[in-house]
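> Read top to bottom, the protein sequences are chains A and B. Residue 164 in our numbering is what sits at position 164 of the first sequence, and the numbering runs on without skipping anything. With the second sequence counted from 1, adding 1000 to any position gets you our numbering.
Just so you know, the hints here were simulated from the structure itself, not pulled from any lab data. Possibly wrong hints are sitting among the right ones.
[Claimed, not checked] Cβ pair distances, simulated, as ranges:
#1 B:Tyr1053 to A:Arg200: 51 to 59 Å
#2 A:Pro135 to B:Leu1102: 20 to 28 Å
#3 B:Thr1084 to A:Ser57: 52 to 60 Å
#4 A:Glu30 to B:Arg1106: 49 to 57 Å
#5 A:Glu80 to B:Gly1085: 26 to 34 Å
[Said to hold, decoys possible] Stretch-level coverage of chain A by chain B, calculated; a stretch enters the list once three of its residues show a Cβ under 8 Å from a Cβ in chain B:
#6 124-138
#7 172-179
#8 185-193
Where is the CB? At the ideal position from N, CA and C, for every residue including glycine.
Number of protein chains: 2
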Amino acid sequence: MVKKPAPDVTRRSEKSRRAIHEAALALVGEVGYRRSTIEAIAARAGVGKQTIYRWWSSKADVLLEAFLDLGEQAGQKPCEIPDTGDLAADLRAVLRATVDELLDPRFEAPSRALAAEGVVDEQLGREFVTKLLEPRLQLYVRRLRSAQEAGAVRPDVDPRIALELFVSPLAQRWLQRTAPITHEYTDTLVDYALHGIAER
Amino acid sequence: MVKKPAPDVTRRSEKSRRAIHEAALALVGEVGYRRSTIEAIAARAGVGKQTIYRWWSSKADVLLEAFLDLGEQAGQKPCEIPDTGDLAADLRAVLRATVDELLDPRFEAPSRALAAEGVVDEQLGREFVTKLLEPRLQLYVRRLRSAQEAGAVRPDVDPRIALELFVSPLAQRWLQRTAPITHEYTDTLVDYALHGIAER
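Let the hints inform the model, and build the full structure from the sequences given.
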């Protein structure tokens, strides 16, 4: 039988874990990914670096978990996109929530630092896409499949490409600061993506 | 009267300029934006750094001009998108050419280095959007306006947002390596953007 840790030990570990997550996110937002070493994260969290190495094998792992934790704190469970039967309304709601998240200062600096490093560091980029970004995109795939079953989306449409019509414009405006992001903007994207821009 | 320089001096300057552009692009692709100093660019180009300071006020300026020069060498004049009267065909052609450009190894590393720095350095990001990216996006705005005048695009559509339905997905796939980029993919984007994904 595996002996379970006493409740207060688990609580203490959870507290350390969260302190390390917060230190990692704050540091990477301030000095960038490359200069955020395990040592610096440990120092900022007020723990020994062996504490970090006990739980994670790399700083990429620490940050990945920190982002997942941040998402959960913000109430975003990696659950389904609402399916009220009104695809446009459901997409508008989830994209408006994404706009709010992107404009949240707790999220902004560390996310930018990580995204920037992923652009030039292929391995890191692919790891974060696989573990962090793609699972969120798959939520849209499922919602669009359900809409196809309900006859709301053309059956020949590939949902993995279709979702990019509203997700990628928002991502590019945020990443490259090409233009402001607002709820009105994402509502417009949903309209154009669903109904097309061509005259009928 | 302003005295024009003798032809051979102009030619020599042009040659130095191009050597500096090439050195700047190669260096930034190899060591990233921050470590590509004016000194290092000068050393690589085999010129004195005062030669660089005579022509440009910052390394951002050198790189901006180097990218414009690279685009011109690749035959992309900052001219109009073809207007054959067939919007879908014109968009497919220009996006296929963009895929080829994004996959060109001469372009890849320096573009990634610059894009990554722009994600975290707001001033640099905005400068390159203003001078490099937005002028290219405006070509799509003009093509879509012409399509509106021809009755091919809904009159209530905002062309500056509409273009993002096919440009941004390609940009995100390239920047964040979320999925492969191919001609078939961009053709599909054009179809979805023009006709919408909703059942009619």
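> Now look at each hint and say whether the structure bears it out.
Now for the hints, and whether the structure bears them out:
1. Range check, B:Tyr1053 to A:Arg200: Cβ separation about 58 Å, and the 51 to 59 Å hint holds.
2. Here the CB-CB span from A:Pro135 to B:Leu1102 is close to 25 Å, well matched to the stated 20 to 28 Å.
3. Look at B:Thr1084 against A:Ser57: about 55 Å separates their beta carbons, and that is inside 52 to 60 Å.
4. Taken as a hint, the range 49 to 57 Å is violated for the pair A:Glu30 and B:Arg1106, whose Cβ atoms sit roughly 34 Å apart.
5. In this structure the supplied range 26 to 34 Å is violated for A:Glu80 paired with B:Gly1085, their Cβ-Cβ distance being about 44 Å.
6. Counting residues of the segment 124-138 of chain A whose CB falls under 8 Å from any CB of chain B gives 6; the rule of at least 3 is met.
7. Evaluation of the coverage hint for the segment 172-179 of chain A: fulfilled, as 7 residues show C-beta separations to chain B shorter than 8 Å, against a requirement of three.
8. For the segment 185-193 of chain A, the proposed coverage by chain B is satisfied: 5 residues have a C-beta within less than 8 Å of a C-beta in that chain, meeting the threshold of three.
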